[in-house]
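As given, the protein sequences belong to chains L and P, one line each in that order.
Numbering follows the working numbering, with no gaps: position 409 of the first sequence is 409.
Numbering follows the working numbering, with no gaps: position 182 of the second sequence is 182.
Hints were generated in silico from the structure; no laboratory data involved.
Glycine included, C-beta positions come from ideal geometry on N, C-alpha and C.
Some hints here could point you the wrong way.
[What the hints assert, rightly or not] Per the computed footprint, the stretches of chain L lying under chain P, defined by three or more beta-carbons under 8 Å from a beta-carbon of chain P, are: (1) 349-361; (2) 463-477; (3) 538-545; (4) 627-641; (5) 710-718.
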Amino acid sequence: MKKIYLICLLLLGFSGWAIAQTHTVKGRVTDASSGSALPLVSVQVKGTTSGTQTDTHGNFTLQVPDGKRTELLFSYVGYTPLTMVADNVNLTVKMESNNKKLDEIVVVGYGMVKKRDLTGAVVSVKGEELKKVPSTNVMEAAQGRLPGVDITRSSGAAGAKVNVTVRGNRSIKASNGPLYIVDGVQYENIQDINPNDIQSMEVLKDASSTAIYGSRGANGVIMVTTKRGTSGKPKVNVSSYVGVSEVNGYPRMSNGEEYTALKREANRTTGRWNSVADDPKIFNAFELDEIKNNLWTNYAGLLLHNGLQQDYQAGISGGSEKTKVYFSFDYFDEKGLLKLDQLKRYSTRLNIDQTINDAIKIGVQSQITYYDQSARRDPLNQANKYIPLAMPYDSAGNLVLFPNSGSAINPLADEQPNAYQNITRTTRTFINAYLELTPFAGFMFRSNFGVTLENAKQGVFASKTSIDRSTASTSRSQSNGSTRRYLSWENVATYNKTIGDHTFGVTGVASVLSDQRDSSLMQGEGQLLPSQLYYALQNNVSGIAVRTMYQASKLISFTGRLNYAFKGKYLLSLTGRSDGSSKLSPGNKWAFFPSVAGAWRISDETFMKSQTFLNDLKLRVSYGVAGNDAVDPYSTASYLTKIPFSYDDTNAAMAYAIGDQTGNKELKWELSTTKNIGIDFGIIAGKVSGSIDYYDTKTKDLLLQRSLPTSSGVSSVVQNIGKTRNRGIEIGINTTNITTADFRWTSNIVYSRNKEEIVELADGNTNDVANGWFIGSPVRVYFDQQKIGIWQTADAAEAQKFGYKPGDIRVKDQDGNGQINSADRIILGAQVPKWSGGFNNDIRYKNFDLNIYVFARIGQWINAEYAAKFDPQGLENSAPLNYWTPENASNDYPRPNASLSKDGTPFIKTLGYKDGSFVKIRNLSLGYTFSAQTLKPLHLSSLRLYVTGKNLFTFSKVKNYDPERGGDLSNPLTKMYVVGINVEF
Amino acid sequence: MKPNINKYFIILSIAAVSMAACNKQLEEYNPGGTTTDAVYSTPEGFETLVNAAYTYNRWWYGKEEGYSIAEMGTDIWTSGTGDKYPDITNYNNLQASNTVMSGLWKQLYAAVNLCNTGITRIDKAGLTTDKRKMRNAELHFLRAFYYWHIVETWGPVHFTLEETSGVITTANRTPVDTFYAQIFRDLEVAVNDLPVTTGDYGRITKPAAEAFLARMYLTRSKNQQAADLADKVINSYGYTLLAKYADLWRMDNLQNKEVIWAVNYMKNLVFDDRTDATLFPNGHSRGANNGHLMFAMKYDDLPGMQRDIVNQRPFNRYMPTLFLLNLFDEKADARYGASFKQVWYCNNLKTAPAGMKLGDTAVLCSKYVLPATTKYRVYDRNTVYTAAGGGNDRTHYVSLQKFEDPTRASMNEEQSARDAFIIRLAEMYLIAGEAQFKLGNAAKAADYINVIRKRAAIPGQETAMEIKPADITLDFILDERARELAGEQLRWFDLKRTGKLGERIALHNPDASQYFQSYHNVRPIPQDQIDAVSNKGEFKQNDKYN
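Excised from the complex, chain P in its bound form (with noise of 0.2 Å):
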């Protein structure tokens, strides 16, 4: 009858409400959270995009992590005592646990994974004609660059021009040159979008990108359009080599005409990637540059000597090889001088020995065989090096004085605002050469290279320091290379690309050579990843590490 069905639909009804009031109760207010859609899709949050695209850069650049990767295993360089991946830096049982190949791995992807977010996202973001087309351009670039990196450390391993959405538990293997096939597409919409200079330091521009495809070419053989490239930049927007080679790493002149790309750290701490609990809980455990830690030796403890800020913080990580410091003739070449660090100079005269003076000589490190000597400490070749030229006290050598850092705030602090050059313009004049003398010709690439070699003459040598065509050969080239770039985050990947990896670590490196094997040209990826891919049988562990 009416009233009881009217009866019962009211009480249903009631209750049908209070359970959707009920489920409205339950809904999440997050005022304070940020989300993919919310901010991706307005200008400014697009721009916010964009900018996180470049920070996974100091990831590498300047990090301990990039340090070990690019340049340790290589000809040049081998252990200090300090040094915490002896595994990198002479192939002794490198295996996928490494903790270095798990961070970079997971901060390159989760770079390429911003990027591709970014390239899809942008239309839809309501820029201007004008910054859509720029910032798609540094888009296109970054992804270029991060893959870059990951194709040459890992080889053929996962690719995607996907924005990852929801849960993705597999991971492919792809060609190495699907890898460069789509980097020389993202180059070239760099290279046509990108405006030629920003206001921005750190952005992305036109001869920047320019420079760094020409840097592909040289990897990809394409020696022509290397050549060419190189030369393009060298001349078209006024960048110029410095008069001196040691003003490139003062710390008042680190926006200089010779840089085309750098990681611009910051002095203000505040922006810079150190981890904060409660600001920035994803951070590097250091943050800004910590160059000026990696090639110190440790000196503070020797007699005469206490730590200060001048004289760096000594973490002694790497030592140079005696091959590395024998490439170089430092009666005419001024970059031995402003590369290396031989002399301390006394600072502490209450462990200093009877009569020595503030300033006067307390510890000389040598490449030479000195005589015995008790006014001061003495490391020279024989103390430092084996007779074979591998290392023997690895806490006192020769050291690679680039980085330092004297402007920090306190002797202790490991952050330095030194910006990380990623590429200057000596690189250039290293690929035109590189480039001709592989098209064959050997005149043009002596005179590219001379540029170089007459720039780091000291003053009065520059006629010592110049060679002929007859004397460029590509290990001549490299060893040009190590001469200019140590340090500088490139080694590996050059002598990889060269195809020269076993063969100068055979017989330069006696401390790496026991351990080299040929399939250490590529990197073993990080266990987590093997571990955590559901397709293990597709997606399987490099050869032969474990």
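Next comes chain L alone, as it looks inside the complex (with noise of 0.2 Å):
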């Protein structure tokens, strides 16, 4: 017994020894990057609930238990979550941020920021999403993936415009699209870069990051950073893709049997047609042969093939310490849906940068793109009124110009041979070449020169029997030729200075740009060899005139702007510019854009460092003024319009009249003031981030095409009346939705929603509806009666009220007082949309990666030409539409009617409005990337396949059509199947 108890005592005695067996441990914990003192960390004993914080200095004391390994977890908020063994008294700790993202850089005007550092609305895309949609155009590639940027690509046709606004219209007359900055320098032709050659694309969106950029800042700011050389081992990187495009939905006009029926009708409306025995009497001989043998043709179906779309880069960076080298090289060829509709694109470029001493840095970035482009004339239109029964070959396989001997020139007329031509070749030139000294500490001064030349040379050539000369009787050659210079030179001195907790970077910049633009033009008719095109205009009879044109603007600015921290939670950045523009009238040339913004990063707080659902918050207020002067050049004065006259036919008798437009000598400067309040988050440690943005801008001044009373003899003037207010919300969130060793799904998600309204025109509250301004719409409506379907054989009784009978198009009666006049038009719907987004996923699995982008357009009204295409006298083709008969009491389309025009039906205009709201899955890409040990033997470094299918399905209300073209039949939207490379090596 005695035993047991001394075992008892020795194990208590043991145990209390184990328990009475801990030491301290000391320690400090520091950021891994900076070296600063994290204070606040959370340092806790693993297993246990013992625990204790960091004090302001990073210092903590713990007890830790002898003997065995423990483990101390550190963790704190924007910080990975650090485990270390407590084997040493003193430990030091350091700790990585986990928000890699707010240290990114991003580029703002004439500077640099870290990403936790901003206070303006901007957003940012990396280069390497903007390859992953093969385009055109780099703008296209970037629909959807930036909040508040809306882009639509303007036609189907090779080269077509794209249209981008950001935040909405403010500008009714003067234009609404941003400004282009490609490495500092003002660049417009965005269609020229390379997507391959970005390293990254900024977009300016609110008043305080466009104010530095004053009068042209007020649509948003997009900068595009091309890529530099690095030092080391060159590094080639070569893409290519190949694409089939095909229509992407187009509708198809009545075949034969559809158009016999609706002529058979119309003239069964008027009397003249009553059985099968009396069409004799309504078609010609030619087409009694076809209705016979049910022979038709569809027009746009012989005039719409596949397109092709080809890419081929190859770019190298290399460089040492010293010099850093960038050049690329790109040839670029589409096809398009219609023969003779042709792009190819050559570009190169080079980037150089050369630091000469500690102090002295040098560079270049420049580029030559050359464009050959061959447009065609659009023979849609003709087409879709080609009455389907003309046959457009004959029994011998030739084209017949006047297919069933009709009036109408035959739609394939433009493929013969020297039938048309229209080529334009573009050289486009441009150097920017910077200077940039550093002295001493925080001091930077760069001086930037941009100089953009641009060549063009057109020819057109439209023969006899050309579907634009057939309602004259000669063919017409014209050869244009037009040269442009822009150049830019900008000073900009930079001093950084910190002072304790303080941070302080003053900017000022001064620049000139200066854009001279002139062009010729001669144009004959009845060339003698149709061979001969638009060379040896000598050769032409008749018609002979020429024209020379001369164009110049020039801008100067000043600006300043400071940027205050306080250590670095609390951020403040003031800009003020000052603009003088040769545009606007004497007395107004210069205006004054100031601006003031702040943002708090909460995150970095001390109570926020307690909780772990945040990692980042940050708070951005913004409020500045930019202007706009985008009117053309010489608006401020008279001028007057030369007309063609002669009293002999022989001799020009030279004629002036005063000009449509008279001048306006107080034309100054559009204001537009915006307010913006945003916040930046991260939340779940990183694995949902994104940004929400309000903003209000208003816009006053608005430079506006006022239309004068005509008694005045002169019909419109230029003017600052008006206001309009844009005001809406954006959101962009990035979530990382499973991350697992092999599998890995992140998702990018965009909404924008913009109200945009004019608030005050001309006349005080008055609507101008002439021009379709209604104070409290957006900028452009569709205003027209609204059809509420087709008058029926029970309401002949009411119709006769108002002049109508069964069978019209019904509208409503909106004031309700008996009579349908021009006061019952109203409103039917604008033409922006009431908000988009974008929904971006990339899946990767091992080596494979998905892409999935869904993009939407909701809200827009367009005019659809295939719902108006109704001709009710059957003298042109008509879609096949449901119209009313006395036996099929339709809704939807009015009574055929031999003897009403199409001009003369009333209303006729109103089938055609239609909601143009869609979806489309924008971009479907599967791509596999070569893993390391495959690609060694070969000495390349990345090799990546990839399909992708673009603008593959589209879902909206608009059947087999797709409505991001707007309404219009002609150059149709296509969609694109693409099979691409890129290495690297």
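Put the two chains together into one complex, using the hints given.
See below:
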């Protein structure tokens, strides 16, 4: 028994000794990259509840049990949790920030800041993202990735322009497109830049970001930075893709049977046709023959083919410690859906950065782009109205110029040899040279000199037998040349200084921009030999005309910016810019654009450190003024207009009359004031991050082309009158949904909603009906009668009251006064979307990557040409529509009537207004990246193969048509199947 | 202290100089631009102003808009199937939004403004005394001419004699009498100072100004002056009526002795007014004379026919009323055959019925009732017109052929070089006849009218065409005007000034009479004008239009 007590005592003693065996561990926690102390870091003994926190100097003291291998857990908001063995009495702990994203550099006006220090609304896209969607124009690739930026392709023609607006339309007359800055220099021709050459793209949206660009920034600024060389082993990347495009839905016109039925019905209404026996009264002999044999043609189908898009690009970046070079070459070839529609683009880029010594650095970014573009005059308009019964080719296979002896020329006429040619060859040289001096710490002076030289030559030939010249009697040849010289010289001085917790940055800029263009045009008619096209213009017998033109404008600016940060948590930015534009009237040429922005990094505050939900939270507020002077040069003076005239058919009699638009001697700046409030956030350790912005832009002194009463002898003037307002919300969220070793799924969601409205017009609160501008509505709306159906037989008495009969289009008597007149017109819909959004998914499984990108644009109305393709007479072809007959009580389309022309049908325009909202699966891409082992023997560092489907699926209320086109049936948009390869070595 | 002050002074002056230099840099340089002051203050530049003042005629004479507004909406025309403006032809729902109204209003007032500008600036242009007198007279005439179009079409609307400078957003309503007072003053200057002839065909001359003045006197019921002046024009200047009515319309005879004033359209289309995107962006959509398109019926899809240059390009806008066709006694009056086309000859064997050869009759239109036949297509009175005389088949009818142009270079060519006659000698006889009739001198009236009718007679039928003084009534004179001047853009004005617009429409045009109301005596002021004026309280729309 005594032994048991002894053992117990010993055990107790041991345990007591064990409990009593702790020792003190001290340590200091710092940030791994900056070395600064991290206070309030949670230090916990793993497996227990005991723990402590670091003090303001990052020091901690903790009791740790002896003997065992004790592990300490360090966790801190914004940093990766760290586990460390307490094997030392004095520990040095270095924690890594997991907000890598916040340390990313973002390019802003005349400088670069870390994302964490941004005070304005700026969204950034990496060049890699832009490469994912093969496209002619880099802005097309950016569609849906940038909240607040609305991008649509204007048409399906090869090399068609892309329409871009940032946060809605402010201006009614002046351009609403954003400012494009490439490597610090203004460059409008964004379509020249090869997406593979882009390192990053930033969009500056609010006034504080754009204020530094003053007048040019009112519509947002898109900044593109091209790739630079790197030191070390040269890296080569080669990318290529080939894509086949086909039309993305094209609605069909009536076939032979449907057309015949409509024409018969049209003549039944007038009493001329009662049975098939009466066909000879309304159809000619050719048509009767074709009806009997059921022969008909789908002309649009004969014109639309598949297109082809190819791109071959190679880029090399290399260099040494002091010299960095990037060189790339690109060949792009796009064949459109129509014959003769083709674009070839050759471009080459050379970027050199040379460090001369510690204080001097120079460099040049240059690009030469050459376009060879063949354009096609739209034949689809002719094809869609062509009577389907007419056969385009005769029995020998030759083209018949006027099928069925009709009066309209064959829509295929332009495809004959030497019938039509329109070729433009453009060369654009863009050189930007800079000198950067850093004579002493914190100070930098940079001088940027940019030149864009453009040279274009266009030749147009339309023969006697082409669609354009079918209403005239001779061919027309035209040769146009134009040159443009754009110079930009900017001097930027920056000084940064940190004193304790205060950081200051001062920037000053002085710049001059000069734009000169001149052009010449020569034209003649009656080319001797059609094969001579527009060469040998001297062989044209008549209609000789010549013209030359010159245009120039200049902009001078001075800017200053002050950035202040306190403890990296409280940020303030002040900007002031002064611009002088040559285009405005004397006395009004200069304007001052100030802005102020502040930001608060809430997540850096001490009270935020105790929670782990939010790892990043920043609040931004800004207010600023930007301006717009985008009117044509020379708008301040009144000009005469030349009228062709003669007394004797041989000599021209010069005639100059007073021009339609009178000049405005008071023309001044259009000013936009923007308030912006936004938060940037990151939650769940960065798994979800994003930003939400709310903005309110008020534009006043709108540059408006005001209609004047024509009794004054002139009809318009550009004046500063009117106010618009754009307010909205933008949300951009990035999520990492699943991350495992093999599988990773990230998403990017973008949502923008903008409310655009006209607040005031020329006459205070009176609507400008003539121009379609209404107070409280967006700038572009559809204003017309509202179709509510077709008058039915049962309503004949009521229809009679209004002066209509069953079968006519029924519109609403809005004011209920028993009369239908111009007072019954209402705003049917706006041409701008209510909201738009994008949902982008990147999924990676082992070596495969899948990208699915869905894009939606909801709420905009279009004028659908197809919906209004109805010719009640049957003189032209119509779409196969459900029209009213006494037996078929349709409520869609009116009764065909052989004695009523299309223009004479009341309310025929109301048929076209439709809701053009759509959702598209814009991009579906599957790629395979070969692993490093397989590539080693090939000496490649990366190889990726991919297949992409672009614009594959479109969901909208408009059937068989891509509503992004806007309603037009010409140059339809395409969907594309692409195979591509990216190689790096 | 001095050095400091100097330093600041230097800095300030450098700043001032550089600012001034900056501003100098921002001045616009426009070597290619032409401004009013620069051009109109030189003699050559002033010539261009006067030339330009003539060009506004081309928006009215020979153009669809001019035909619609001046010839349609009367007793002699109704709508064809292709009529773009049935609201003007039939008065059915004629509203201020009609584009013909806004187009012509704009051009006429731009013309008036140009004339006002010229008249105000002529003394500072450096012209020689002779030139100055002549150009001044031309500008006065043109101003009177354009104001006449405005006041007769729209009534008491905006009137000014000042050049528009700066932005003007108001308009006034001035009484009709004020317009005419100025018209007569301007015409007096013109008639006194214009030369008798001109080397530039198309410029106004003294006889042309007098002819127009005679028309004005008649319009304002100054009958004695009208009669005297018309007689002077008939006898003093060597104008003669062409022997055959049909000769007036030949394309090789455009500048003939019967024409007093015309719009001179050119064969070289580069001098005509068709719009061109680069060279003449504000031109007319078709250009030159379009009369050949307007009245042709749609023959080209009928069996045996195809479109060709000779048979014209048919827009089939306008169709004659049965009343117009019945006004002619075609057995005696050559004007029926010269003015109207009734037969179309086969030119297309591929669609011809069996047995038809090229040159055979393929289509026959007639104002009479004809028996049916299978040899060729017949469109007779009962097919084309309703029992009441209104339009039934508006696609196939007797077509006015006065303005046809078989000399066009291709069958689809829209521009014709045919001159548009504004005033011709026949009108002077009609003016003199009507004025004498109104003065009570029926015998003298008959003499004048008989000259016209004698010329119009088919050889051998001169006696049948003669009328007696007792036959003359105002209605008869209007009928004669219809026979002589059908389609020549005067009818609406003739009916309005004689107060017979509503009456004759009710009697002879069943299509229009169901819609015509008395307020249609003036046209609606364009809606864009009403919308754009800032003094909406004073400048209101014409009565009953909306």
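We went through each hint and held it up to the structure:
For the stretch 349-361 of chain L, the stated coverage by chain P is violated: 0 residues have a C-beta nearer than 8 Å to a C-beta of that chain, whereas at least 3 were required. Note: the stretch 463-477 of chain L has 6 residues with beta-carbon separation from chain P under 8 Å; the three-residue rule is met and the coverage holds. Counting residues of the stretch 538-545 of chain L whose CB lies closer than 8 Å to any CB of chain P gives 4, which reaches the minimum of 3, so the coverage claim holds. Counting residues of the stretch 627-641 of chain L whose beta carbon lies closer than 8 Å to any beta carbon of chain P gives 8, which meets the minimum of three for the stated coverage.
Taking a C-beta to C-beta cut-off of 8 Å, the stretch 710-718 of chain L contributes 7 residues in contact with chain P, enough for the three needed, and the coverage statement holds.
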